[in-house]
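Asker: Construct all of the structure, not just a fragment, from the sequences and the given hints.
Chains Z and W supply the protein sequences, listed in that same order.
If you read the first sequence in the numbering used here, its first letter stands for residue 1, the second for the next number, and so on.
If you read the second sequence in the numbering used here, its first letter stands for residue 1001, the second for the next number, and so on.
Worth flagging that the hints you see were computed from the coordinates, not collected in a lab.
Check before you lean on any hint, since a few could be wrong.
Stated by the list, open to error - Chain W is faced by these chain Z residues, among others (derived, beta-carbon under 10 Å):
id, residue
1, 117
2, 141
3, 153
4, 156
All residues carry an ideal CB built from backbone N, CA and C; glycine is no exception.
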Amino acid sequence: MAKSIVVLRAYQDGLHLNITPTFSVTEVTEAIRKEFERMNQPLAGVSVQIDMNAPLLTEADLAYLKTELQDTYGMEVRGLNIADGTGDSTGVLGEKRPLAARAERGRIEKTRVVRETIRSGQTEDFPEGNLIIYGDVNPGGEVSAGGDIVVLGALRGSAHAGMNGKLSSVIIAMNLVPLQLQIGNYISRPSWGQKSRGYPEIARAGTEDIIIVEEL
Amino acid sequence: MGKVIVVTSGKGGVGKTTSTANLGTALALIGKTVVVIDADVGLRNLDVVMGLESRIVYTSMDVIENRCELSRALVKDKRVEGLMLLAASQKNNKDDIQPEQMKAICTELRATHDFVLVDSPAGIESGFRNAAAGAEEALVITTPDVSAIRDADRITGLLQHEGVEPINLVLNRLSPEMVRKGNMVSQSDVVGLLNLKLIGVVPEDREVIASTNRGIPLVHNKNSPGAQAYMRIAKRLTGQRIPIPELREKGFFSNILDWFSGNK
Chain Z
1 MAKSIVVLRA
11 YQDGLHLNIT
21 PTFSVTEVTE
31 AIRKEFERMN
41 QPLAGVSVQI
51 DMNAPLLTEA
61 DLAYLKTELQ
71 DTYGMEVRGL
81 NIADGTGDST
91 GVLGEKRPLA
101 ARAERGRIEK
111 TRVVRETIRS
121 GQTEDFPEGN
131 LIIYGDVNPG
141 GEVSAGGDIV
151 VLGALRGSAH
161 AGMNGKLSSV
171 IIAMNLVPLQ
181 LQIGNYISRP
191 SWGQKSRGYP
201 EIARAGTEDI
211 IIVEEL
Chain W
1001 MGKVIVVTSG
1011 KGGVGKTTST
1021 ANLGTALALI
1031 GKTVVVIDAD
1041 VGLRNLDVVM
1051 GLESRIVYTS
1061 MDVIENRCEL
1071 SRALVKDKRV
1081 EGLMLLAASQ
1091 KNNKDDIQPE
1101 QMKAICTELR
1111 ATHDFVLVDS
1121 PAGIESGFRN
1131 AAAGAEEALV
1141 ITTPDVSAIR
1151 DADRITGLLQ
1161 HEGVEPINLV
1171 LNRLSPEMVR
1181 KGNMVSQSDV
1191 VGLLNLKLIG
1201 VVPEDREVIA
1211 STNRGIPLVH
1221 NKNSPGAQAY
1231 MRIAKRLTGQ
1241 RIPIPELREK
1251 GFFSNILDWF
1261 SGNK
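Answerer: Given below as structure tokens:
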């Protein structure tokens, strides 16, 4: 990975903004601007955690950085993680947190509940929040949500989570055998003839345009 | 008061007309009074399958345009008592009929008959909407291939939207040999995806083509497996509880099993 002062990366619990030590706050803000420009992706509404490998910025600088992210980019800072700087530099980066440890835990979000199967030709859109389907999404059916999508049955059709660009959105299905998955503007298509694995799975945006699917 | 059941599938060629003719005949054979309506205006062929082509004088279009009474437009089946056909006009096209007019015909017929089966045209446009307009129940026909299943799913969504309930599933042309070789979607996969109540499985039967060409519905040939399947579906439609045998290839062992379970 090319060393940049600031790197935005996706992890199991969502996006992290990793800041490398030994820079002043003005350099950091400039690096953030460049990094976001390079990504060329809508970041408004995206929740991010700031990771720092050393306590190099003052409280005031951090507060400034937080306001900057919220006001200029419309992002939401959900947490701050500062390592003491003595450990190896990947310590914070490499850490994998379980889903339950998300900083969004307990937050009330707008969610639409659909109590039926979405059949071929039917669509369900909920740009304002999350979507829960008490049924299947059949081939030819399409569901999309501004936030997460949870299918309490088989997802055999297409699903688009984070339709407004929220890359921390996830897609969960008890049986994940989709025609196509989309998170933000990442699109993925399972390899041909993929069979059900028989356990619930979760799909989330990884780095570099890929969608990671793993056991829930 | 009888039941109005629309027979539909979305996709063409999966056996809507064959199923309508055979279920109508089967229901009449077990003593019910039945009208089968061909709703495929402009492309009628239910009359051909039933061998009644030459007897049609009036069609549903004549009834709608008040050229004749509904009872006079019904064509009596030549083989079974209690079975009538209401033919579609060949001269008109599907937009010449409105859903309310179709509904009025169905309402009138169900007052005097036990079953009214409406043979829907393929597709999801006005022809299908007309056919479904007067129906309270539906039979969705599908074959075990992905395109037919996809269309059946689509049509099921539309029927549910119209409030048609119950919607029963007929799995047509299932070949046990192909399922065993893994070349065909299995019965449980189809039911699992469509999530409908399976009312019958009709095995692939070459006799169907021959009987269609002769204009004699298959159910008259009592030895054919297809005929027996249609007879069972007809009985289930009248409320009888008959278990659905899981189709498999006939071997010595399964024959013995069938013999013991009376499933022959």
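Asker: Take the hints in turn and mark each one as holding or not.
Answerer: Do the hints match the structure? See the list:
1. A least Cβ separation of about 6 Å between residue 117(Z) and chain W falls short of the 10 Å threshold, and the interface hint therefore holds.
2. Taking 10 Å as the C-beta cut-off, the interface hint given for residue 141(Z) holds, the closest approach to chain W being about 8 Å.
3. With a least beta-carbon distance of about 9 Å to chain W, the hint placing residue 153(Z) at the interface is held under the 10 Å criterion.
4. Because the smallest distance between the Cβ of residue 156(Z) and any Cβ of chain W comes to about 7 Å, under 10 Å, the interface hint for this residue holds.
Checked against the numbered hints above, the structure violates none of them.
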